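**Student:** Sequence:
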Amino acid sequence: MAQDKWSSRQYLMFENERTRPVRDLLSAVPSDDAREVIDLGCGPGNSTEVLARRFPSAKVSGLDSSADMIAAARKRMPDVQFEVADIHTWQPDVAYDVILANAVFQWVPGHETVFPALVSRLAEGGSLAIQMPDTMDERPHRMMRELAEDGPWADKLKDVSQARTALRSAEWYYELLQKHCGAVNIWRTTYYHVLKDGPDAIVEWFKGSALRPFLDPLDEEGKRSYLERYTDLVRQTHPPLADGSVLLPFPRLFMVATR
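With our numbering applied, the sequence shown closes on residue 259, and no number is skipped along the way.
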């Protein structure tokens, strides 16, 4: 995922569904008195808006590695300071009361060093709030990997499974964070997103996220062929309900670590 091929337009096709988890996450942050807050991996700014509403008196900022996402965020919230930056090399000069990382660390390796480093950048009493999709064993994701191994694109896609960071257990994250924090709250929720446009909407959903590592290495013909076969598989495994919609099960892992 080194190249900046993220599309804010594609991502925001399901803005309400993608924003709901960040509202749930921030509602669990214990402090209401925050002065400095930041949204890491802010994307097009939908999560940053929730952060700003949750802490209306705070100075809000955001960063993302995608220039396209940052451009969309700046347009959405022109009074907020957004910057293109890499989380691994980010060196803030302030201590934060809240560091939000919503649906970003499934793409970032090295949780054993990155998470404690982020805690060290919190002010006393500050919270690190993280949400990560925990979907690698869900059927749509398994089909992506299986299809990648079964087609003319197999050589190009042989290393794609490494693009996503496999999540550890809740116990592992608790033990990692509790050594540096006074309180750690961890929970897992499965959302059942109602997609009104049927099984093809599942494909559109993942074109804005999990399918990107599978599509980016392919030429236009390869992309078209892969998507056609993937869409056929999704139609077979996720038939529409009586009203034409489908339910997309989507488990997510949450944690709020307070220093």
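Keep in mind that the hints were calculated from the coordinates and are not lab data.
Be aware that one or more of the hints could be misleading.
Below, in silico cross-link-like pairs of lysine-lysine (PhoX-like), each with a Cα-Cα straight-line distance of 25 Å or less [said to hold, decoys possible]: (1) Lys196 <-> Lys207; (2) Lys75 <-> Lys158; (3) Lys59 <-> Lys75; (4) Lys75 <-> Lys156; (5) Lys158 <-> Lys223.
Simulated DEER-style distance windows between Cβ atoms [stated by the list, open to error]: (6) Asp86 <-> Glu204: 25 to 31 Å; (7) Ala67 <-> Val114: 19 to 25 Å; (8) Ala117 <-> Pro30: 20 to 26 Å; (9) Pro30 <-> Asp155: 45 to 51 Å; (10) Arg23 <-> Trp90: 21 to 27 Å; (11) Ser120 <-> Gln81: 20 to 26 Å; (12) Pro240 <-> Val84: 36 to 42 Å; (13) Ala117 <-> Asp232: 26 to 32 Å; (14) Asp32 <-> Ser120: 22 to 28 Å; (15) Arg139 <-> Ser57: 30 to 36 Å; (16) Glu175 <-> Ala242: 43 to 49 Å; (17) Gln236 <-> Asp93: 50 to 56 Å; (18) Thr231 <-> Asp32: 41 to 47 Å.
Note that the structure is predicted; figures quoted are calculated from it, not measured.
A virtual CB, placed ideally from N, CA and C, is assigned to each residue, including glycine.
**Student:** Work down the list of hints and note, for each, if the structure agrees.
**Tutor:** Going down the list of hints, with the structure as the test:
1. Lys196 <-> Lys207: Holds: Lys196 and Lys207 sit about 17 Å apart, inside 25 Å.
2. Lys75 <-> Lys158: Between Lys75 and Lys158 the Cα gap is close to 37 Å, so the pair fails against 25 Å, i.e. violated.
3. Lys59 <-> Lys75: holds (18 Å)
4. Lys75 <-> Lys156: violated (36 Å)
5. Lys158 <-> Lys223: Judged against 25 Å, a Cα distance of about 15 Å means the pair holds.
6. Asp86 <-> Glu204: 25 to 31 Å: holds (28 Å)
7. Ala67 <-> Val114: 19 to 25 Å: holds (22 Å)
8. Ala117 <-> Pro30: 20 to 26 Å: 22 Å Cβ-Cβ, so the 20 to 26 Å window holds.
9. Pro30 <-> Asp155: 45 to 51 Å: About 50 Å separates the Cβ atoms of Pro30 and Asp155, which means 45 to 51 Å holds.
10. Arg23 <-> Trp90: 21 to 27 Å: Given range 21 to 27 Å: holds, Cβ gap about 25 Å.
11. Ser120 <-> Gln81: 20 to 26 Å: holds (22 Å)
12. Pro240 <-> Val84: 36 to 42 Å: holds (40 Å)
13. Ala117 <-> Asp232: 26 to 32 Å: Violated, at about 44 Å.
14. Asp32 <-> Ser120: 22 to 28 Å: holds (23 Å)
15. Arg139 <-> Ser57: 30 to 36 Å: Check failed, 44 Å falls outside 30 to 36 Å.
16. Glu175 <-> Ala242: 43 to 49 Å: Since Glu175 and Ala242 have Cβ atoms about 46 Å apart, the given range 43 to 49 Å holds.
17. Gln236 <-> Asp93: 50 to 56 Å: holds (53 Å)
18. Thr231 <-> Asp32: 41 to 47 Å: holds (45 Å)
In summary, the structure is inconsistent with hints 2, 4, 13 and 15 from the numbered list given earlier, while agreeing with the others.
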